[in-house]
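Asker: Below, each chain spelled out in residue letters.
Protein chains: 2
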Amino acid sequence: MNSGNRLIYLPLGGCGMFGANMYVYGWGGEGSERLIVVDCGIGFPDAESAPGVDVLIPDSAWLADRLDRLEAIFITHAHEDHVGAIGHLHPELPVPVFARRFTAAVARTKFDQLGCKGSAVHEVNPWPEFIEAGPFRVAFLPVAHSIPEAAALVIDTPVGRIVHSGDLNLDRTPVLGEAHDPERIRQAAGREVVALVCDSTNVFNPQAGRSEATVAGPVAGLIDRSTGMFAATTFASNVGRLKSLATAGIQAGRSVAVVGRSMHRILGIARDTGFLEDFPEIVPLEEARYIPRNKLMLIVTGSQGERRSVSSQLSWGNYRGFDLEPGDSFLFSARTIPGNEKSVNAIKNRLSARGVAVHSAEGSPYHASGHACRPDIEEIHELVQPEIVIPMHGENQHLREHANLARDRGFKSLFVSSGMVADISSADPRVVDHVDTGVLCLDGSTRIGRRNEVIRDRRKMAESGVIAAAIEFDLDGTAWCSGVSLKGVPSRDRSSGSLTETLRKRISSTLAERGPLDEEQDEVIERIVTRVVHSTASRSVGKKPEVMVLLTSDE
Amino acid sequence: MNSGNRLIYLPLGGCGMFGANMYVYGWGGEGSERLIVVDCGIGFPDAESAPGVDVLIPDSAWLADRLDRLEAIFITHAHEDHVGAIGHLHPELPVPVFARRFTAAVARTKFDQLGCKGSAVHEVNPWPEFIEAGPFRVAFLPVAHSIPEAAALVIDTPVGRIVHSGDLNLDRTPVLGEAHDPERIRQAAGREVVALVCDSTNVFNPQAGRSEATVAGPVAGLIDRSTGMFAATTFASNVGRLKSLATAGIQAGRSVAVVGRSMHRILGIARDTGFLEDFPEIVPLEEARYIPRNKLMLIVTGSQGERRSVSSQLSWGNYRGFDLEPGDSFLFSARTIPGNEKSVNAIKNRLSARGVAVHSAEGSPYHASGHACRPDIEEIHELVQPEIVIPMHGENQHLREHANLARDRGFKSLFVSSGMVADISSADPRVVDHVDTGVLCLDGSTRIGRRNEVIRDRRKMAESGVIAAAIEFDLDGTAWCSGVSLKGVPSRDRSSGSLTETLRKRISSTLAERGPLDEEQDEVIERIVTRVVHSTASRSVGKKPEVMVLLTSDE
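Protein chains in written order, with the working numbering: chain A, 115 to 669; chain B, 115 to 669.
One chain only, chain A, in its complex shape:
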């Protein structure tokens, strides 16, 4: 009945990890499906698995190889993990980009930052308006989330409707942006939904989510109880929270200043797109200096402990004349993303050491999640009544838990992690293929694979340091070592002179034994030097450092 055509779903990022969201849908004959992409976000590397890397982006190679079949890119909302990579990847995927007004404005800044034109970004109206994209018709269904104009996508295909939830919660009274509207969702789901591809972020949170409207009150109370300066941090992109915090500050009779470039950038866009009309009054930083500490509230960047953020600098001592002292208070009004605990704790500990009262979001009334919690996810399943639930946006443990949850409640469900191609047109949807994909690392001005040897070498050098040896040749072709240097290798003798001397002599004598070298000399020397370095270093420092061999040549 599908006349040999199939409907496929392929996450290229965002499943099996948080961040770098990129989802592909395709319709057509096997290997000739017409394709659309949903979201194009960045991920955040951790220093252990990807040291020195700036950001992670989805690997778009699979799509670039099928450019002739790619119809368009749709961006659900303006969070970095959904829109952040569009500027990097659009040059390879030069197709139209569709997004709602606020999201489109943010998307364009991603092009600007890389000096490209954002003319490919098209603003669209929300549901019930549809955009045609090959065999697909796509509508942006407003949902509640911690940023303006977040949308789920209603994707009509030749074999039925797909609902791609995007990021959402069930907030009926958000302080900004559209409220959760069960009727709208039920209506949109309306006719038979083939598949619900659904946010899994908070599947492990047993309590239903709270409304953003409940945050300002408790924060105002907290500010009232604090005698000194009050500082609070959250995600810059969480415009709703910025508003809640500012409102709380004003309620508590304080002047409110916003500190940090990324916050001013997003507020600028929100203002331009008309989302800041009833935003509380903000005082410029210059004025803030002259306001007594107990009358001032700072809203600052760095909720995830980012190294150069304002919260980090305040914890070290001073940011542009502002410092925190005993009696002051600091509120983390954001969830700590898994993997950032260390850096966030480091800031909390430095502030605590200074005598600053630190307040956390976890289990507090000072934070409301932007994502649907377990009971909310169940409610979404009920509203959409899909033939199958496909969990997305989470680590594998979240996807698995969400799939089990759906199954236990009588829905078909399918575990699909990044790189898995699912055929969702057949009666029993299943994974039919695997794509060799993964995230790419933006490292300085280059892009490298996450398992690239460059990353491997860095991790090894971080473990054991490195020893470099310069090799020269006698006239008869016998190699000898003319210099050795250490880095990241401890040595009992501070100058580490002794170890380098020993190494130089041992390498030379071992090479001398080998005599003149001809073909394959590079491999032979590499092998010999490595062996000598490892045996000598093992004895001297108990480790086997990385080895660099410099084969010297005259001019």
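Be a bit skeptical, because a hint or two may be false.
Copies of the same chain look alike in the list, so a pair counts if it works inside one copy or between any two.
Here are the simulated DSS-like pairs of lysine-lysine, each with C-alpha atoms no more than 25 Å apart in a straight line [as the list claims (entries may be wrong)]:
| hint | residue 1 | residue 2 |
| --- | --- | --- |
| 1 | Lys658 | Lys574 |
| 2 | Lys456 | Lys619 |
| 3 | Lys574 | Lys456 |
| 4 | Lys658 | Lys231 |
| 5 | Lys574 | Lys657 |
| 6 | Lys658 | Lys409 |
| 7 | Lys619 | Lys657 |
| 8 | Lys574 | Lys409 |
| 9 | Lys658 | Lys619 |
Treat the hints as calculated values from the structure; they're not laboratory data.
With chain A fixed as given, assemble chain B onto it according to the hints.
Answerer: Okay, now just chain B, sitting in the frame of chain A:
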């Protein structure tokens, strides 16, 4: 009244961080106090701040410089973070070591592992027996904790009694070891207590702790509901939990096997010291192979995601013939120590991807903490009724929170982090001095400071990689570059030949411009090479790698 004498308290580790516990008490004239040490534990480095480091140990330099004034070392209990460093530090601190029987047995293994004699370790009986140590009299007061024979210390000084809580909870029905006995504590506190130095680990846990006796039941239920193999992990040293888990397995009608060297080591010691009489029957691994999956339970190492642990190897696929498949279950029956979230999640995600049902400890009935929670801490304050509460065993945020808690409930309290010297003999105890201390890194066979340049260099190389250049000299003393090599530096050209060649030429030409060099040539060359490498690499890869200069010499 103190005739110029004072009572000091100085944490050298364990405050401001978790791990590396070491606390000093002293009595005498300023600068001539007689000293005792409580605990001597290791800490666990994180790959980001201390890459490649095996373990952290307290810096005992301050004590070593005052060896003539050091009376003895007392070990409260046998957890690694309290006893693990005794073998490493005793050679520098050759004084008697006192501990209860089980703890002493573990302490001796620390000497054995380093090939030294553990003859300095003396077994002592618990309270009310006291050990004389200079001006101090010390008794081991049995407390409940997740290891046998844990003790608080009752320390009598010329100006009154100190209670050093050690690690403890209020478990009245532990499955192993002594129960919490409020009467015993009240009695020991008996006469006026000058200071309570108290465990802060769980000050952020609002719920009172649960008894270890409540764990086996729910775990047995979980095993009953699981159709395939059941594996569980916890800390090897948590003998009580090992017993709870094994009991649950037997209750659920399964054969139980224990997998992992560290678990067998601790069970051996527990057996030798008579703590395993009523321990459930364990089957050897060889037999376990022939037991049907749904009749088998494995208790394995790796609750913190340790890289080579059994749980990690199982998540990758296979450990000595055992593998986990869809339908199997895996239980983490231990709290994840802050900083280990990444590695623990990695294991959970790999298991989830395999279709294994993963169960976590957080907020579950499958775990009971070994540490006093907030209400328990309050109860301890009430039992001891000290003049002052001094929080210990926690990061600065925990110490601060605990100090505020005590103050809010009417007790004097003092924030003392590692390196702070507190005078607790005066009417108003306060920090009077700071000791330049910190943890040391055991790296291979060497010891280095945490802020040592070796660590700094490794972190920088992890960030940006390294470029090494070999420098030779013409007869006239002009330097030139005879070879260049990269590591951890991406290069558009896979072989990275181009960049190295460019660098070699640029360095040589820049050195040639400089002409013959004489004095300070090393510094000059270092400076020039670094400048050329940074400018060239910035253009080519957008980063400034670390630089190694090899000044070559004819043998």
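Asker: Evaluate Lys619 and Lys657 at a C-alpha cut-off of 25 Å and name the case that applies: within, between, both or neither.
Answerer: within (20 Å within a copy, 34 Å between copies)
Asker: At most 25 Å between alpha carbons: which applies to Lys658 and Lys619, within, between, both or neither?
Answerer: within (18 Å within a copy, 32 Å between copies)
Asker: Checking Lys456 and Lys619: alpha-carbon separation at most 25 Å within a copy, between copies, both or neither?
Answerer: Close neither inside one copy (44 Å) nor across copies (44 Å); limit 25 Å.
Asker: When Cα atoms must be at most 25 Å apart, do Lys658 and Lys231 count as within-copy, between-copy, both, or neither?
Answerer: neither (50 Å within a copy, 29 Å between copies)
Asker: Pop the pair Lys574 and Lys409 into one bin, within, between, both or neither, using alpha-carbon distances up to 25 Å.
Answerer: neither (51 Å within a copy, 42 Å between copies)
Asker: How do Lys574 and Lys657 come out at 25 Å by Cα distance, when the copy is not named: within, between, both, or neither?
Answerer: both (11 Å within a copy, 19 Å between copies)
Asker: Please sort Lys574 with Lys456 into within, between, both or neither, judging by C-alpha distance up to 25 Å.
Answerer: Both. Shortest intra-copy (22 Å) and inter-copy (19 Å) distances satisfy the 25 Å Cα cut-off.
Asker: As a check of your reading, is Lys658 near Lys409 (CA-CA no more than 25 Å) within one copy, between copies, both or neither?
Answerer: neither (58 Å within a copy, 44 Å between copies)
Asker: With 25 Å as the alpha-carbon cut-off, assign the pair Lys658 and Lys574 to within, between, both or neither.
Answerer: Result: close both inside a copy and across copies, 10 Å intra and 19 Å inter.
Consistency note: the structure conflicts with the earlier hints numbered 2, 4, 6 and 8.
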